[in-house]
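Throw the hints in and build the complete structure from the sequences for me.
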Amino acid sequence: MQGMTLIVKQVTKLVSGFIFLFAIYHILLGHISPGGGFVGGVAIGCGLILLILSYGKEYFNTLIKDRTIVIGFCLGAIAFLLLALVGYCGGTFFEDIWAGYGGKYTILSGGTIPLMNIAIGITVGACLVCVFVALIVFHQDLKSAKGEE
Amino acid sequence: MTVYIMILAGFVIFASAVAVEAKKLLSTVISLGAAGMALSVIFLMLGAPDLAITQVVVEVLCLIWLIRATGEERDATFETQRDRFILAIGLGGGGVFITLCYFAFQSLVGFGEPLMNLSNQYLQNDPEKIGAANYVMAVLLNFRGYDTLGETTVLLCSIVGACAVIRKIGRIKDAGHDINS
Amino acid sequence: MFNHSFLPYIMAFVIFAMGLYTVVCKKNIIKIIVGLIIIDYGVNLFLILIGYRTGGIAPIRAAEMNAEKFINSSVDPVPQALIETSIVIGLGVVALTAALAVRLHEKYGTFDTTKIRKLKG
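Chains as they are written, first to last, in my numbering: chain A, 1 to 149; chain B, 1 to 181; chain C, 1 to 121.
No wet-lab data here; the hints were simulated from the structure.
Watch out, some of these pointers could steer you wrong.
Derived coverage of chain B by chain C (criterion: at least 3 residues anywhere in the stretch with Cβ under 8 Å from a Cβ of chain C; other residues may be distant) [to be verified]: (1) 10–21; (2) 27–35; (3) 45–51; (4) 100–112.
DSBU-like mimics (lysine-lysine), calculated; alpha carbons at most 35 Å apart, straight line [what the hints assert, rightly or not]: (5) B:K23 - C:K115; (6) C:K118 - C:K26; (7) C:K115 - C:K26; (8) C:K115 - C:K27; (9) A:K65 - A:K9; (10) A:K13 - A:K65; (11) C:K69 - C:K118; (12) C:K27 - C:K118; (13) A:K9 - B:K129; (14) B:K23 - C:K26; (15) B:K23 - C:K118; (16) C:K107 - A:K65; (17) C:K107 - B:K24; (18) C:K118 - A:K57; (19) C:K69 - B:K24; (20) B:K23 - C:K27; (21) C:K26 - B:K24; (22) C:K118 - C:K107.
Reference excerpt, derived from the structure (chain B facing chain C, CB under 8 Å, subset only) [to be verified]: (23) L123; (24) P127; (25) E128; (26) L149; (27) I159.
Built from N, CA and C at the ideal position, the CB exists for glycine as well.
And the structure:
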């Protein structure tokens with residue numbers, strides 16, 4: 001799949017850093033201000049889709065391969081389950097055993113909650129990139145393969 | 001504040017009606033996007049900022065997928081006499097449904113006084129003890145963690161299903177090419 | 001004795017009924033998917049309206065608030081948490097149905113369900 005014109009590439013260079021910053025802010029500080037893992041995950045997915053659309057799939061594969069994305073979302077789901085099982089050390093399933101570590105309203109005061117947000121964010125973001133690649137990129141490759149015949 | 005919520009809800013109803021009856025499929029998808037944006041502002045007015053951000057981001061992504069699926073098509077189905085009959089029955093059934101809802105809502109609490117039987121126990125905890133000052137996150141990941149685990153599983157299953165429906169290997173062989181992938 | 005304080009609930013159910021009519025009575029596949037999304041909007045709106053408190057604040061506790069004032073003036077956080085997962089699941093539903101619609105269009109060339117059934121013979 002080919003990229004787009006020069007103007008789109010320049011604007012993407014300027015804007016995509018802020019998109020990822022927005023996503024990471026909502027993932028890491030989801031327990032203090034509104035946001036959370038789901039918002040950050042969908043925003044990461046949107047940022048990666050912007051990169052695929054404007055630079056083309058071949059260039060994107062030199063940065064992140066397809067296999068990395070699939071492994072990413074499998075590991076994210078497993079990490080979420082493992083963090084839930086960590087709570088068994090404290091008492092019940094999903095117990096937050098490291099809460100209140102650094103005082104109120106800091107990043108570390110959440111215990112397992114910021115770590116769970118990171119796991120959910122990676123899972124949701126990788127899922128959305130996979131569906132985008134399947135829906136749009138494969139169809140264009142198939143159409144160009146048929147068209148060349 | 002209730003007046004503003006009802007005005008925006010009326011706009012959502014109008015945009016949904018336009019989406020349902022439009023002839024070009026691109027107009028359908030775009031008016032659905034407008035309905036989603038108005039819904040996000042309603043969520044902000046109802047005191048749910050997490051949901052407002054989530055609704056906007058999710059709805060933009062739905063727009064991208066649906067525009068890819070439709071392209072430049074038009075709604076080429078045409079109405080027969082039987083369809084007008086079904087439309088009349090459908091509208092009549094909808095009217096009966098709304099009337100029955102009106103009588104069923106007599107037994108709900110009024111708008112603006114929530115029951116909060118369960119939330120009183122959750123809201124009494126200190127932010128240091130449960131680890132989050134945002135109580136929605138605390139309910140999602142600490143008190144109701146099983147539901148989040150189930151949701152991640154459902155999302156994973158639907159995404160794997162979508163990727164399995166659009167396979168690459170079998171279809172390129174179908175088109176007559178031999179490709180190693 | 002008619003109580004007029006639940007008019008917003010009725011509007012949420014009008015949105016739901018409109019989506020239900022679209023799923024049942026329309027013949028184009030994209031219109032059916034749009035109907036599913038409208039049903040999602042209606043149900044989410046109704047459940048958030050149940051948990052609203054008039055003049056309430058969002059359930060995020062600032063540093064200088066004491067517990068009593070916060071409990072008496074915040075909206076209900078439990079429906080908000082569950083609807084957040086429901087919105088993301090709606091995204092998954094749209095992904096799967098849009099993939100099915102794209103595949104059907106490539107195989108049959110049309111989005112019309114009556115023609116697709118006739119082609120089966």
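Checklist entry - Between K27 of chain C and K118 of chain C, is the straight-line Cα distance small enough, at 35 Å or below? => result With Cα atoms ~13 Å apart, K27 of chain C and K118 of chain C stay inside 35 Å; holds.
Checklist entry - Taking a Cβ-to-Cβ distance below 8 Å as contact, does the segment 27–35 of chain B have at least three residues touching chain C? => result holds (count 4)
Next on the checklist: Need the status of pair K23 of chain B, K115 of chain C: alpha-carbon distance at most 35 Å?
Outcome noted: holds, 18 Å
Next on the checklist: Please check whether the segment 45–51 of chain B has three or more residues whose CB lies within less than 8 Å of a CB on chain C.
Outcome noted: holds (count 6)
Checklist entry - Is the straight-line distance between the alpha-carbon of K69 of chain C and that of K24 of chain B 35 Å or less? => result violated, 52 Å
Item to check | Interface restraint verdict for L123 of chain B against chain C (beta-carbon cut-off 8 Å) | outcome: holds, 5 Å
Item to check | Proximity test - 8 Å, beta-carbon atoms, the segment 100–112 of chain B to chain C, at least three hits | outcome: holds (count 9)
Next on the checklist: Tell me if the straight-line CA distance from K65 of chain A to K9 of chain A falls inside 35 Å.
Outcome noted: holds, 20 Å
Item to check | chain C contact restraint on I159 of chain B - CB to CB distance below 8 Å | outcome: At about 6 Å, which falls below the 8 Å cut-off, the nearest Cβ of chain C leaves the hint on I159 of chain B intact, so it holds.
Item to check | Outcome, coverage hint (the segment 10–21 of chain B, chain C; C-beta under 8 Å; three residues) | outcome: holds (count 7)
Checklist entry - Is the straight-line distance between the alpha-carbon of K118 of chain C and that of K107 of chain C 35 Å or less? => result holds, 14 Å
Next on the checklist: Check the hint pairing K69 of chain C with K118 of chain C against an upper bound of 35 Å on the C-alpha distance.
Outcome noted: Judged against 35 Å, a Cα distance of about 65 Å means the pair is violated.
Figure legend: structure checked against the earlier numbered hints; hints not met, in rising order: 11, 13, 18, 19, 25 and 26.
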